[in-house]
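Student: Turn these sequences into a full structure, and let the hints guide you.
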Amino acid sequence: MNDMAPSREERIEGLKGLGSSRKRVEDARFTQGKGNYVDDIKLPGMLFGDFVRSPFAHARVKAINTEAAMSVPGVLAVLTAKDLEPLGLHWMPTLAGDKQMVLADGKVLFQGQEVAYVVATDRYAAADGCEAVEVEYEELPVVVDPFKALEDDAPVLREDLEGKMEGAHGPRKHHNHIFTWEAGEKEATEQVLGSAEVVAEEMVYYHRTHPCPLEPCGCVASMDKVNGKLTIWGTFQAPHAIRTVVSLISGIEEHNIRVISPDIGGGFGNKVGAYPGYICSAVASIVTGKPVKWIEDRMDNLMTTAFARDYWMKGKIAATKEGKITGLWCHTTADHGGFDACADPTKFPAGFMNICTGSYDIPTAYLAVDGVYTNKAPGGVAYRCSFRVTEAAYFIERMIEVLAIELGMDAAELRRINFIKKEQFPYQSALGWEYDSGDYHTAWDKALDAVGYDELRKEQAERVEAFKRGETRKLLGIGLTHFTEIVGAGPVKNCDILGLGMFDSCEIRIHPTGSAIARLGTISQGQGHATTFAQILASEIGLPADSITVEEGDTDTAPYGLGTYGSRSTPVAGAATAMAGRKIRAKAQMIAAYLLEVHDDDVEWDVDRFVVKGNPERFKTMKEIAFASYNQAIPGIEPGLEAVSYYDPPNMTYPFGAYICVMEIDVDTGTHEIRQFYALDDCGTRINPMIIEGQVHGGLTEALAIAMGQEIAYDEMGNVKTGTLMDFFIPTAWETPNYTTDYTTTPSPHHPIGAKGVGESPNVGGVPAFSNAVHDAFRAFGLRQSHMPHDHWRIWKIANSLGLHG
Amino acid sequence: MIPASFEYHRPADISAALAILDEYGDDARVIAGGHSLIPMMKLRMADIEHLIDLQDIGELKGIFVEGTKVTIGAMATQHELIDNGDIARVAPILHEAALQIADPQVRYMGTVGGNVANGDPGNDMPGLMQCLGATFHLVGSGGTRDVAARDYYEAAYMTDREDDEILTAISFNAPEGGFAYEKQKRKIGDYATAACAAIVKIDGGICTAASIAMTNLSDTPIFSAEAGAALEGTACDATAIDAAVAAATGAIDPTEDNRGPVDFKMHVAGTIIRRAIERAVSRA
Ligand SMILES: Cc1cc2nc3c(=O)[nH]c(=O)nc-3n(C[C@H](O)[C@H](O)[C@H](O)COP(=O)(O)OP(=O)(O)OC[C@H]3O[C@@H](n4cnc5c(N)ncnc54)[C@H](O)[C@@H]3O)c2cc1C
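Going line by line, the protein sequences match chains A and B.
Terminal number for the first sequence in this note's numbering: 807, no gaps in between.
Terminal number for the second sequence in this note's numbering: 888, no gaps in between.
Treat the hints with care, as some may be off.
As the list claims (entries may be wrong) - Some but not every residue of chain B turned toward chain A, in silico, with C-beta under 7 angstroms: (1) M605; (2) I606; (3) Q788; (4) K791; (5) I792; (6) N862; (7) G864; (8) F868; (9) V872; (10) T875.
To be clear, the hints were calculated from the coordinates, so they are not data collected in a lab.
Glycine residues also receive a C-beta, built at the ideal position from the N, C-alpha and C atoms.
Tutor: In structure tokens:
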């Protein structure tokens, strides 16, 4: 044997497959400013659209005068609902089975709502045109509180629905009510609560916030009147779904629509839905025959395109005196804003909120969610989480803390005695899920050890004493979280969006010289798909990841898929990639056997080659096989080496993790300092540890923002108070603490490579960890619950209300 | 986020700038670093037909330290202030405060003159200049005049400067004693929830001079002579500091905003003022 031949280990390493911290192939262009985002697209003769937006949260639109606007130099057209009505496009369907005004049809329901669309030769003229449109409003009473919205005499927000007592998700109880959704057993849970030794009760509010991607939403629509083809470039997290929806509502045949998601500067759920800007740009292009660009500015983005959270979660948790949880009850009032535009699988109007039993073995549980209309922007997207999973995780992780207070128990111990045990998996939860795999005790003990939990508690107790003696004005909080997610939607039998099944896909072509292209139905927005999917494939087919191009986002070339959100890319499209790779390998095996002149069963796979069993010197590498597949006549085998896989996952995946935050709080100023943050993630098989770490850092920083200051706040008139980045908190390097990351590995038993998804875990687990740290700092002084965001004045208010300011 | 259209002027000297101001009156406005004005224009809260860019006017630039006399040209940027070794030596409070303004990107563009001329109670330089007892130098077609920083601010965005005047420079005598600029903000790039500049001179254990001024706690910066007086002649012990804090908080009138309600701001102001004084005393 040739001494220079690489060893097996070297061959594995050379592939940069699973487990390799391969550098991100995307970064060469991003770090040089050479990405190609939607606003970089410039087409000859391109026009610009911009919106006239409502200054009021609730008003009747009495008249719109476009005359002055039409005389602004450069303005070509001003569209109003009246212009869209003949096309049936003045309203559009939402992802949640409701409908939403594209342009104000007689009234407006939230501040910033689209009232008219001005088309002009450049964006400056469009902005001037918007200023010149005169709109006559008659203000109506505003409701921003979902509880007030359900009072008998609350103003009717959705006049279009008046008298319609059946909604997309069952009966409506009130004119501002959208749906009731239930899971679990109501009576059994009430019985448990009624006879329990201990019951803790609390209202847990997860405030309204916004995904706020660096790049706002936008599109360029271009109708080619010669061939009848409509091309739309846009910031779409689900390009195929957009193509189908556009076809359904416009009547243009689907082959005549091409949707392209170019580079996307972050999505976090904000870019899942369909927005009036897309419809108006497409209409404007069809009417003018010219390409039309629409790009949100930051205020448009924060005020109008999809928000996240806004869940009022009333909880009751029952336990024995020893702390064994016996039941969980939750009623959620969900503020959906003026239209129900939540992005959830159709059968789950409250998303997967029924994962709210968390990591705990809770035998009996009940959940009800009531969706409510208010005078706020529509949305309710999963901001870096699977559908409503972060709300669920926050709820249960707060309830556990409240129960610990009620029981006078250590919150770490309370968690430990209630975790689902390793041997209980697959575990059927009381609210209807089958958890695939987990080993919570191991993760928990590792986390507590890593931070020196017992020492921390001692230090905390000493600090409380020192504080009481007047020696310090700082308190110490230890924020614990053990979260379980449910991601990877999902099995087509129960997961669809507007009837589109939530499978995903991968199509692979191997080139003759042993490199490859893989196309997927997903679309990266910063997750690094071009890096990691090539790694999955490298390990499956034995070609180096560096020789594999990954392409997504063009509906004319990519196979159909439901896109990227809800941590579904790796669980679903990643599985499709592995499965397509296995099809390639199956054909390659036949080719190798032919070339080696042995029977198919006499060769076996070894890293990057098929080897004759028992004779490792006789082999054909995948590279050799690729060449032969195209260029050698092989009896009974078609030329070429390609495969496609559409993967319908048998179950969701259930990543989990243990996070601990140690925080110092200054009771006089309400400021905080994060002394330590430890994050242990178990996402099953780890594809690229460096990317995982990056995802965890990013998600934790979003969680920090949400927990400690970020919100979309409204005043009583429905004015958005946090419409710019001066007030909407995005942490800089300065506010961001150091993170320590760690892991355990519990593969998913049903995923082809055992991977579970990690992109959203840090947001889901991070928020309760930060928030619990704040609460924990004040536990010794009697705090049970205080709503996020924990900005300076709200922390100060806690201290003040507990009498800590003397 | 797109401003209304405007004419752009770029004069090369002060007299040319004044001539344009005279010609267009109310419709004209000077622009320095643009980091307060441009956001207002983009939000269409300021609609300015004639924008007079001062960046080519050499006479407005530079930072000069001669002995104890410090002169800062209106067009000196906040970054230049931070970068200037003489300033760090003779007026370290300015260095310390400038580092707490916005972020490096803003400070590369934002000028000292723009910061003090703007009249936004959130700006940090005005309170600081009041603490230093600085003088603002103005020029108009009618000639030049000097105004004390402590007399310059009338209300939010209302100052003693006439519309046709340009601020040319700021001067002050290098401060003596310990100093501190304490600022609480929500994040980098935010204006103060409460901020306080303190300079305290101690000779033989007794405070001989003290100057206290505050930022973003009223509709103008607040210089509290009473707070200084409460320290002067004392050993700056706890009682004296309590009295100074009480005097300073008695002079402010914060309003509720997204940073929090009034009771919170009053409490935080008290804490921040105390920390500024204590730190200044510790350095005196
Ligand atoms: C994100 C962000 C955060 C910020 N945070 C802070 C902060 O924490 N603290 C702080 O102090 N500032 C902050 N600023 C403001 C910043 O420091 C500005 O640069 C400064 O307030 C104005 O300086 P300028 O040179 O940019 O002035 P410009 O914006 O050009 O002008 C401001 C006003 O002053 C007038 N003006 C300017 N120069 C003269 C002159 N020579 N004579 C007469 N009038 C003049 C202009 O006509 C205008 O009305 C922040 C700004 C931003 C964008």
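Student: Tell me the numbers of any earlier hints that the structure contravenes, in ascending order.
Tutor: Of the numbered hints given earlier, the structure breaks none, since each of them holds.
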